[in-house]
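Engineer: Given the coordinates of chain Z, work out where chain D should sit on it, guided by the hints.
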Amino acid sequence: MTVSSGHRKQNREIEKRSGTTGNAVVQTEWHHRHLLDTDILSREEIELVFNHATAMEEILGREIKKVPTLRSKTIVNMFFEASTRTRASFDLAAKALSADVINITASGSSVEKGESLLDTVLTIQSLGADVIIMRHQCSGAPYFVARNVKCSVINAGDGWHAHPTQALLDMFTIHKHKNGLKGLKIVIVGDILHSRVARSNIHGLAAMGARVIACGPPTLMPVAGAFPAVKFEYDLDRAIQGCDVVMPLRLQLERQQGGLFPSTREYSRMYQVTPERLSRANPGAIVLHPGPMNEGIEISPEVAHGPQSVVEEQVANGVAVRMALLTLVLLGTSYGSFGK
Amino acid sequence: MAASVNKLAPGRILIKGGRIVDPWAGLDMTGDLLILKGKIEQVDREIRAAPGKDLLRIDASGLIVCPGFIDLHTHLREPGFEDKETIATGAMAGAAGGFTTLCCMPNTEPSIDRAATVEYILRKSSDAGSTRIRPIGCITKGRKGTELAEMGELAGAGVVGFSDDGSPVHNSSLMRHALEYSRAFDLPVIDHCEDLSLSKGGVMNEGKVAASLGLRGMPGAAEESMVERDIALARLTGGRLHLAHLSTARSVELVRQAKEEGLLVTAEVTPHHLTMTEEWVTGRKDGMVEDSVFLGLNAYDTNAKVNPPLRTGEDIAALIKGLNTGVIDAIATDHAPHTRTGKECEFDKAEFGISGLETALASLLLLVRRGDISLAGLISKLTSGPVAVLGKSCSGQNGFKPGNEADVTVFNPEMEWIVDPDRLFSLGKNTPLKGCKLKGKVMMTLVGGKITYIDKNIRTEVKV
Numbered sequence: 001m002t003v004s005s006g007h008r009k010q011n012r013e014i015e016k017r018s019g020t021t022g023n024a025v026v027q028t029e030w031h032h033r034h035l036l037d038t039d040i041l042s043r044e045e046i047e048l049v050f051n052h053a054t055a056m057e058e059i060l061g062r063e064i065k066k067v068p069t070l071r072s073k074t075i076v077n078m079f080f081e082a083s084t085r086t087r088a089s090f091d092l093a094a095k096a097l098s099a100d101v102i103n104i105t106a107s108g109s110s111v112e113k114g115e116s117l118l119d120t121v122l123t124i125q126s127l128g129a130d131v132i133i134m135r136h137q138c139s140g141a142p143y144f145v146a147r148n149v150k151c152s153v154i155n156a157g158d159g160w161h162a163h164p165t166q167a168l169l170d171m172f173t174i175h176k177h178k179n180g181l182k183g184l185k186i187v188i189v190g191d192i193l194h195s196r197v198a199r200s201n202i203h204g205l206a207a208m209g210a211r212v213i214a215c216g217p218p219t220l221m222p223v224a225g226a227f228p229a230v231k232f233e234y235d236l237d238r239a240i241q242g243c244d245v246v247m248p249l250r251l252q253l254e255r256q257q258g259g260l261f262p263s264t265r266e267y268s269r270m271y272q273v274t275p276e277r278l279s280r281a282n283p284g285a286i287v288l289h290p291g292p293m294n295e296g297i298e299i300s301p302e303v304a305h306g307p308q309s310v311v312e313e314q315v316a317n318g319v320a321v322r323m324a325l326l327t328l329v330l331l332g333t334s335y336g337s338f339g340k
Numbered sequence: 001m002a003a004s005v006n007k008l009a010p011g012r013i014l015i016k017g018g019r020i021v022d023p024w025a026g027l028d029m030t031g032d033l034l035i036l037k038g039k040i041e042q043v044d045r046e047i048r049a050a051p052g053k054d055l056l057r058i059d060a061s062g063l064i065v066c067p068g069f070i071d072l073h074t075h076l077r078e079p080g081f082e083d084k085e086t087i088a089t090g091a092m093a094g095a096a097g098g099f100t101t102l103c104c105m106p107n108t109e110p111s112i113d114r115a116a117t118v119e120y121i122l123r124k125s126s127d128a129g130s131t132r133i134r135p136i137g138c139i140t141k142g143r144k145g146t147e148l149a150e151m152g153e154l155a156g157a158g159v160v161g162f163s164d165d166g167s168p169v170h171n172s173s174l175m176r177h178a179l180e181y182s183r184a185f186d187l188p189v190i191d192h193c194e195d196l197s198l199s200k201g202g203v204m205n206e207g208k209v210a211a212s213l214g215l216r217g218m219p220g221a222a223e224e225s226m227v228e229r230d231i232a233l234a235r236l237t238g239g240r241l242h243l244a245h246l247s248t249a250r251s252v253e254l255v256r257q258a259k260e261e262g263l264l265v266t267a268e269v270t271p272h273h274l275t276m277t278e279e280w281v282t283g284r285k286d287g288m289v290e291d292s293v294f295l296g297l298n299a300y301d302t303n304a305k306v307n308p309p310l311r312t313g314e315d316i317a318a319l320i321k322g323l324n325t326g327v328i329d330a331i332a333t334d335h336a337p338h339t340r341t342g343k344e345c346e347f348d349k350a351e352f353g354i355s356g357l358e359t360a361l362a363s364l365l366l367l368v369r370r371g372d373i374s375l376a377g378l379i380s381k382l383t384s385g386p387v388a389v390l391g392k393s394c395s396g397q398n399g400f401k402p403g404n405e406a407d408v409t410v411f412n413p414e415m416e417w418i419v420d421p422d423r424l425f426s427l428g429k430n431t432p433l434k435g436c437k438l439k440g441k442v443m444m445t446l447v448g449g450k451i452t453y454i455d456k457n458i459r460t461e462v463k464v
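Chains as they are written, first to last, in the numbering used here: chain Z, 1 to 340; chain D, 1 to 464.
Isolated chain Z (complex conformation) (with noise of 0.2 Å):
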């Protein structure tokens, strides 16, 4: 913790001296073997993740999208938990650094044999992995992993804590549409609670300055007081009001079997973005959406593929994200250029 932390100051210190606060980008470093969620980063770290991933795009805009900088790195994606995107879009990031990747699911791996947690990470590092990516369903898991292994952990999503290269993701599709975060005003909507999406959107989008606005059915909000730089409001409409970018969260729909609200037809009624709300928003505001989308019931298929709607950016800017993710994990900010 500490060491972290002194990074952050360090970084600091590195900008105030070369007197470059406005593009600090070259003199930050990274320093995280791991990436567990988005409440280590710092506004110049993630900016520095912006950058990586900007020259990451230009690699899969080629024709032959594929460099060396990770040949002969392994890299395990390790789910414990069903997933499309995210996985295929770590596997590609992986394949076009010219990395080795092996997909663990749980389903048909020794986890169904009844393997504990730790004895699975441990067989996994000793045969060889550089990085595990991991999806678990417990909170937490990725941290307990990183504890108990040498080489480094992604957090592809953790129970309802945290999913920091989806929080990423989102923030640089915003960042290229808004040329920045700073004083944006970001509506999230829905299962704040339960979202580790919210959560890591939250701490990084704080870090970048940008205001907050978390809304949705108090029995989906979570404790006042936890994260106090963001602001809570049950109605959408006001929320929406004025707004640069709207989030709707996946609902799941057990959540209604455990009482938290009465019915997804309700829901929808108060909390989906309609065109019609979408328009108090300011005029450019452009919606998000973590996916999978349950279009009807947090998102109306008009705003879904409608033209404010940047959720197939989203998808093809996580693949950059994670390769720039992958590469500051594994090699630092020692590389060299991606010999274009």
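It is worth saying that the hints were derived from the structure and are not from the lab.
Any given hint might turn out to be false.
[Stated by the list, open to error] Stretch by stretch, here's where chain D covers chain Z in the computed footprint (C-beta under 8 Å, at least three residues):
no., stretch
1, 32 to 46
2, 115 to 126
3, 221 to 229
[Said to hold, decoys possible] When the alpha-carbon atoms are kept at most 25 Å apart in a straight line, the in silico BS3-like pairs for lysine-lysine are as follows:
no., chain 1, residue 1, chain 2, residue 2
4, Z, K66, Z, K95
5, D, K349, D, K429
6, Z, K176, Z, K65
7, Z, K185, D, K208
8, Z, K150, D, K144
9, Z, K113, D, K285
10, D, K349, D, K144
11, Z, K231, Z, K182
12, D, K39, Z, K231
13, D, K53, D, K450
14, D, K429, Z, K150
15, Z, K150, D, K349
16, D, K285, D, K434
17, D, K16, D, K39
Values in this document were obtained by computation on a predicted structure and should not be read as measured data.
C-beta: ideal position from N, C-alpha, C; glycine also.
Structural biologist: Below, chain D alone, put in the same frame as chain Z:
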């Protein structure tokens, strides 16, 4: 030297120059304690004992000498879960922690719901030979919460109270009958207060920390609503109710009101609920450090996962106040040993519980150094307090009166040590205090005048 002393069975032990604290006698003075043939012989400013081969002299200057600690709430795990703890290892851990009596909870396999299991435990504990073991019987058969256990048979076999600990008795009518029926034996009914529908799936205190960690919380109301129900039933029945491991400020207030009303309600609190906040789950052990607002790799410390969960600083303040005002009668460890695999896993999947017998005293002495509670007050919550909760089954245990069994704890309040789980006597290595430096160490424990634990640093002398 320690080894040679252990081989002796000294007929006389003279503990010299210690600070003698006896809550029953209201005694707090520097002096000597003489033990003869396992009984307290004399307490005085200075005792001169005739030299002889049978005399063991202990230099207790700078040490505290007090009646042995009594733990109302220990999980010894045997029978059924001997990989977590056995009666022998738990008894040894108790001795090392200064405890001379352990009341063991009935969530074993089979559970302590019949005389045969009580007899098994008592036989095992006399084989183990050190700490006194006093079983607590089940309230309901198999702790299932559907039918009363044969409480009369259990009382006859020697249980000191009834509890379905780990599970609350959810059926209010059954709890009512338990409180009524147990009046025939004048033994307390001990409830683990938790409304399971409110705490379902929860793994830590509900609040800001759980929200930021993305963990499901257990609200304080899950405990408080059951405390309130139990108090209503105590009022209805006139039964003796003891509330286990209180953890919230509101619970303390409810017990205060019940006591004011004159109901037969007593309560206990654990050392961890008095000294650790929910922040410990994040791996931060000294409260929030300004610079560490993000989670470090030590976050999700499964050793800080316990039920009831660690709460907030305000709850701790109320629990301490409850001790000082007599609302809370006793400190009990809720020693809950687990195997490594039960804790080295995902936080959601980890077992609840802290291995606490050997760290209890040292963590509580922090409260004394901070001025939260007096030393004599603390000792009373570990000795006379628990005995008062148990009532007649322990009425013979009342301090250093001549002729009493010599159950004695001697400790050094200043000695520092670092908690190394591998060096604990308990098979349960699950402590969030791992690696922490504590101040205060048990030097010697005597049960009936027999040395059950002795630290290598104690100064002894055998007069010839």
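Engineer: Against which earlier hints does the structure fall short, listed by number upward?
Structural biologist: 8, 9 and 12
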